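K.L.:
So you can see what is in the structure, the chains are spelled out below.
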Amino acid sequence: MQSVTREQVLQWLSSVPDPEIPVLSIMDLGIVRDVRMNDEVVVALTPTYTGCPATEVIEQSVLEAIRSHGIINVSIERVLSPPWTTDWISDAGKEKLRNYGIAPPEHAAGKRALLHGERSVACPRCSSIDTMRVSEYGSTACKASYKCTACLEPFEYFKCI
Amino acid sequence: MNKELALLAYVTRLGDNALILAQRMVQAVTLCPELEEELANANFGLDYIGQARLFYSYAGKLEGKGHSEDDFAFLRDAHEYRNVLLLEQPNGHFGDMMAREFLFESFYLLQLDALQSCDDTGLAEIAARAVKEIRYHLRHVSQWIVRLGDGTDESHARMQQAINDHWPYTGELFSADAVDVLLRSDFNGPDLDVIREQWQANVAAVLSEATLGKPDDGWMASGGKQGRHSEHLGYLLAEMQFLQRSHPGANW
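Residue numbers (the numbering used here), protein chains in the order written: chain A, 1 to 161; chain B, 1001 to 1252.
Take these hints with a grain of salt, some might be off.
[To be verified] Below, in silico cross-link-like pairs of lysine-lysine (DSSO-like), each with a Cα-Cα straight-line distance of 27 Å or less:
1) A:K94 / A:K147
2) A:K147 / A:K96
3) A:K96 / B:K1061
4) B:K1132 / B:K1061
5) B:K1132 / B:K1065
6) B:K1003 / A:K94
[Unchecked claim] Partial list, computed: chain A residues near chain B (C-beta under 7 Å):
7) T50
8) A54
9) L80
10) S81
11) P83
12) W88
13) A92
14) I129
15) S135
[Claimed, not checked] Listed next, the stretches of chain B that the computed footprint assigns to chain A, with coverage defined by at least 3 CB atoms under 8 Å from CB atoms of chain A:
16) 1037 to 1043
17) 1046 to 1058
Worth flagging that the hints you see were computed from the coordinates, not collected in a lab. Owing to the predicted nature of the structure, the values given are computational and were not obtained by experimental measurement. Where is the CB? At the ideal position from N, CA and C, for every residue including glycine.
Using the sequences and the hints given, assemble the complete structure.
P.N.:
In structure tokens:
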């Protein structure tokens, strides 16, 4: 146990992808809340949406990622507080989303965004804000479908929540 | 009833509300009027299943008898369910579904908002997570109430009928029984009288924008919170629980 540092574990976790958006690691997504090094390694994770089907897959991936480095005593702790919002996505994560073709969440999450919808969303391809929402709902709970009216590219937008 | 039992009963009710509405939404999958609605309905249903899981897991922990979230969902009979009657009503047409969700979520959002600051940390944390999802649902559902209410003569008439039909099930949301009273007094839980006032104002505002009339409060159905259900719940559970009843412990 002494031979492994917390930094190493964090490094390993930064290579665990989100199964729905594999370009993001779970560190980019901001769902790793804590890593504790006691008699065992405890990784505290928080869900994005309560019904997110990726939660169990992510937990398995975390266990496997750490065990693959020979650490056997690992456990997952689920934490709910403070609840995850899109503000937890790191700046590096937002950039990765954009390069992947998904427009990152534009504004700070909050009651306003939730109750009154999004303002302008920039096209991840040509950066134009001349875009239109095709559907507020998309392939996963966290994304909406958009179309750029400047370059005509259809794209997904990671909604603020 | 002591405060521990009241908390357990309250958390179980929240789980039951979430699961029964989720199951109704699952039943509507592939029946929505357009693809966007299909996605919205399925995503919202998934949110409710996720919330039910959190409430049931927590209830199992509070109860301390080793019951899992699945035990709560699949191995209890209708009289053990404590969801409000509004949520077990059949789906009807799309306007009926929107009316039910609108009337319930206008309440549930306020309930969760108040629970965020209750004295039980476990419940407050789940409420803080869930409130964000419901706020988002309610925005969407309210848009449909306005669109259909302030739409064609046909959509207006059917939306008004849907609101009227579901109205008698809203009284139960605000009628405090021993569980609600204990949660309020011992855990700083929601004050249902205050919530009722806010609910009336919020619902009236949306109905007004939708050019719909707000029904008068007449006779109100009750009993769901005490386990006295309409016959609809039995059919719903029979379908939902079939696999676990026929193949106990089935897993995959």
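K.L.:
Evaluate each hint against the coordinates.
P.N.:
Hints, one by one, checked against the model:
1. A hinted pair counts as satisfied when its Cα atoms are at most 27 Å apart, and K94 of chain A with K147 of chain A qualifies at roughly 19 Å.
2. Distance hint between K147 of chain A and K96 of chain A is fulfilled; the C-alpha atoms sit about 20 Å from each other, no more than 27 Å.
3. For a cut-off of 27 Å, the pair hint linking K96 of chain A to K1061 of chain B is broken: about 39 Å separates their Cα positions.
4. The hinted pair formed by K1132 of chain B and K1061 of chain B meets the criterion: a straight-line CA distance of about 24 Å does not exceed 27 Å.
5. Proposed proximity of K1132 of chain B and K1065 of chain B is contradicted: the alpha carbons are some 31 Å apart, above 27 Å.
6. About 46 Å separates the Cα atoms of K1003 of chain B and K94 of chain A, which puts this hinted pair outside 27 Å; it is violated.
7. Taken as an interface hint, T50 of chain A checks out: its beta carbon lies about 3 Å from the nearest beta carbon of chain B, inside 7 Å.
8. Hint on A54 of chain A is violated. Least Cβ distance to chain B is approximately 11 Å, over the 7 Å limit.
9. Evaluation of the L80 of chain A hint against chain B yields a held restraint, the C-beta minimum of about 4 Å falling below 7 Å.
10. Because the smallest distance between the Cβ of S81 of chain A and any Cβ of chain B comes to about 4 Å, under 7 Å, the interface hint for this residue holds.
11. This hint holds: P83 of chain A has a C-beta 4 Å from the nearest C-beta of chain B, less than the 7 Å allowed.
12. About 12 Å separates the beta-carbon of W88 of chain A from the nearest beta-carbon of chain B, more than 7 Å, and the hint is not met.
13. Below 7 Å, beta-carbon pairs count as interface contacts, and A92 of chain A has none with chain B, the closest being about 24 Å; its hint is therefore violated.
14. Because the closest C-beta pair between I129 of chain A and chain B is about 22 Å apart, greater than 7 Å, the hint is violated.
15. Satisfaction of the interface hint for S135 of chain A is found here, the shortest Cβ-Cβ separation to chain B being roughly 4 Å, below the 7 Å cut-off.
16. Residues of the stretch 1037 to 1043 of chain B lying with their CB closer than 8 Å to a CB of chain A number 3, which satisfies the three-residue condition for coverage.
17. Figure legend: the stretch 1046 to 1058 of chain B, annotated as covered by chain A; annotation consistent (8 residues with Cβ-Cβ distances under 8 Å, at least 3 required).
In this structure, the earlier hints numbered 3, 5, 6, 8, 12, 13 and 14 are contradicted, and the remaining ones agree with it.
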